[in-house]
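Sequence order for the protein chains is A and B.
Residues are numbered in our numbering as their position in the first sequence, beginning at 1, plus a constant of 356.
Residues are numbered in our numbering as their position in the second sequence, beginning at 1, plus a constant of 51.
FYI, nobody ran anything at the bench for these hints, they're computed from the structure.
Backbone N, C-alpha and C fix where the C-beta goes; we use that ideal spot for every residue, glycine too.
Among the hints, erroneous ones may be present.
[To be verified] Between beta-carbon pairs, the in silico distance windows are:
#1 B/S57 / A/T534: 42 to 50 angstroms
#2 B/G175 / A/D372: 23 to 31 angstroms
#3 B/T87 / A/L678: 53 to 61 angstroms
#4 B/L171 / A/G425: 47 to 55 angstroms
[What the hints assert, rightly or not] If the Cβ cut is set under 10 angstroms, some of the chain A residues that face chain B in the computed set are:
#5 F486
#6 S495
#7 G530
#8 Y665
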Amino acid sequence: MSVHLNDLDRSMRDGDLGEATRFAMSVVVRTAGAVEASDLISVEQAHVDACALMSESNLEFVRRLVEQGGRVRVPTTLNMVSLDLEHWEELGVPREFADRATRIAKSYRELGCVPTWTCAPYQGYLSPRFGQQIAWGESNAVVYANSVLGARTNRYPDFLDVCAAITGRVPNAGLHRTENRRGELVVRVPETSKASWSSPSAWAVLGHAIGELAGERIPVIVGLPRPAMGEQLKALGAAAASSGSVEMFHAVGITPEAPDLETALHGAKDAEELDLTREMLAGTWDRMSSAAEGEKLDAVILGCPHFSYAEFEALAAEISALGPGRVRPDVQFLVLSDSPSLALASRGGLIEGIREFGATIALDTCPFHSPIVTERASAVMTNSGKCAYYAPAELGASVALGTMRDCVRSAVTGVVTREETPWNGP
Amino acid sequence: MERTVSGRAVVPGEATGIVLRSRRTISLWGGVDPETGRIIDPRHDRCGASLAGRVFVYPGEKGSSTGSAVLLELARRRLAPAALVTGSLAPVATLGSIVAEELYGVAVPVVLVARDDLDLLKDGDYVCVGPDGIVRHG
């Protein structure tokens, strides 16, 4: 089956708009063939993840596009890079690594991308609109855009995101099409006291469990408390996109394409249904940690995905509730964020106390892409389901999932201690 | 009799190699070391095995969209798998394969087969992948 191309598509493919555009269109058209799309559609913005991995091939890929005169055709934001562009030296990133990572970053700016450098583009510049066709990379951003904002994107792999930005065209397939946004698996969450839901970690556990159960299917979650905060949905989606391949979820009464169950299912009556129990979620909570209670703690990682203003606010509140305690000198306390959220938090007077507590705030980057986590880390603690999922392979460390409060308290004692267990408690 | 598995050539190409069979989905980023080709996800059933030169047979992918960059780096280092045979569409690996061919001329054919047919390909089998999407033993 061949892919139908319009006149502009063909002239891009034939090289009339330059070599970089020809290359990008060739990748888009081949991908359309691979997914059996009948034609291409236009996207109105892109979010590029391809800048994330510091590798020689990534640099060669983007340098080739820049040297051939490549330029994005639609507004394009950038995912994190492999270093904090301003503070890498203080964070202990070796100069040779920094030089190459900076060249990747600079090259993407040369393509005309907006230097947002964040894995949470939905909390800043160019947030997409409901129903808008977009081409986003970064799995947690994709699930948030589709589910919470109601914009339409597939999980664009690295490089296809760049090619979509340069051509403004993508295969007409997957979640761009209304019929593919139908909920396929109904997941009922257990009735529980409101307190269990107050921590985003509880939502991360739910997301992890749903990711494992749903695989590639679109889950429809029934029974979540309202109102749900953006940070809670962010934690849920990021975890579900790590343990599984979830690119979109519906939450009945919360997400915009799910005012009720019937609408979320597009009227289908035969969707599989599944009841999650407290016991199942307590089991998931346990399995997400590999570090034992009482183990010596080397690092705490918060801000995966990047910390929002509200998360800075929550952290500042936990620190002030703690009284005089500070992070033990042999524990690293890392908070990852993006520049708009940090700027707001500074103006909100939240940052001074967080720094005095002993936290290091890094912008633009990710602890799995940048050598900023202490090399001696054998046990790390986080409140993020996504971080808990990737830390064992990426850092070679055991991981403890805990609430933000327990992360703060454990950093002070230097020992993994979890008093709050959202799914085991009463 | 020659045993064959017929699939769809998602990225058409020819390859031969020894099957590395996995029963679990994988995120190439976070799951595979881009510098060595080894599977590093401790939850994965083939953790420790290397993809380099193998026909990797697996049910599908999950997780990060950076997996395509991992496959491209493996191609640059000549450590890419010989071919990928998946039980569900794997867009991230597919894209990595397309770019590896465009940028480095390294072909990593991708074949989509019915999930039940994955079991016809056993770990250690020597197989040939054809541009028609047919995987032949021998």
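Outcome of the hint check:
In this structure the supplied range 42 to 50 angstroms is violated for B/S57 paired with A/T534, their Cβ-Cβ distance being about 32 angstroms. Roughly 50 angstroms separates the CB atoms of B/G175 and A/D372, a value that falls outside the hinted 23 to 31 angstroms. At roughly 43 angstroms, the beta-carbon separation of B/T87 and A/L678 lies outside the given 53 to 61 angstroms, and the hint is violated. Checked against the given bound of 47 to 55 angstroms, the beta carbons of B/L171 and A/G425, roughly 48 angstroms apart, stay inside it.
Here the hint on A/F486 is broken, as its CB sits about 23 angstroms from the closest CB of chain B, past 10 angstroms. Evaluation of the A/S495 hint against chain B yields a held restraint, the C-beta minimum of about 5 angstroms falling below 10 angstroms. Interface hint status for A/G530: upheld, as the beta-carbon distance to the closest one in chain B is roughly 8 angstroms, under 10 angstroms. Look at A/Y665: its Cβ only gets to about 26 angstroms from chain B, farther than 10 angstroms, so that hint breaks.
In terms of the numbered hints stated before, the structure departs from hints 1, 2, 3, 5 and 8, listed from lowest to highest.
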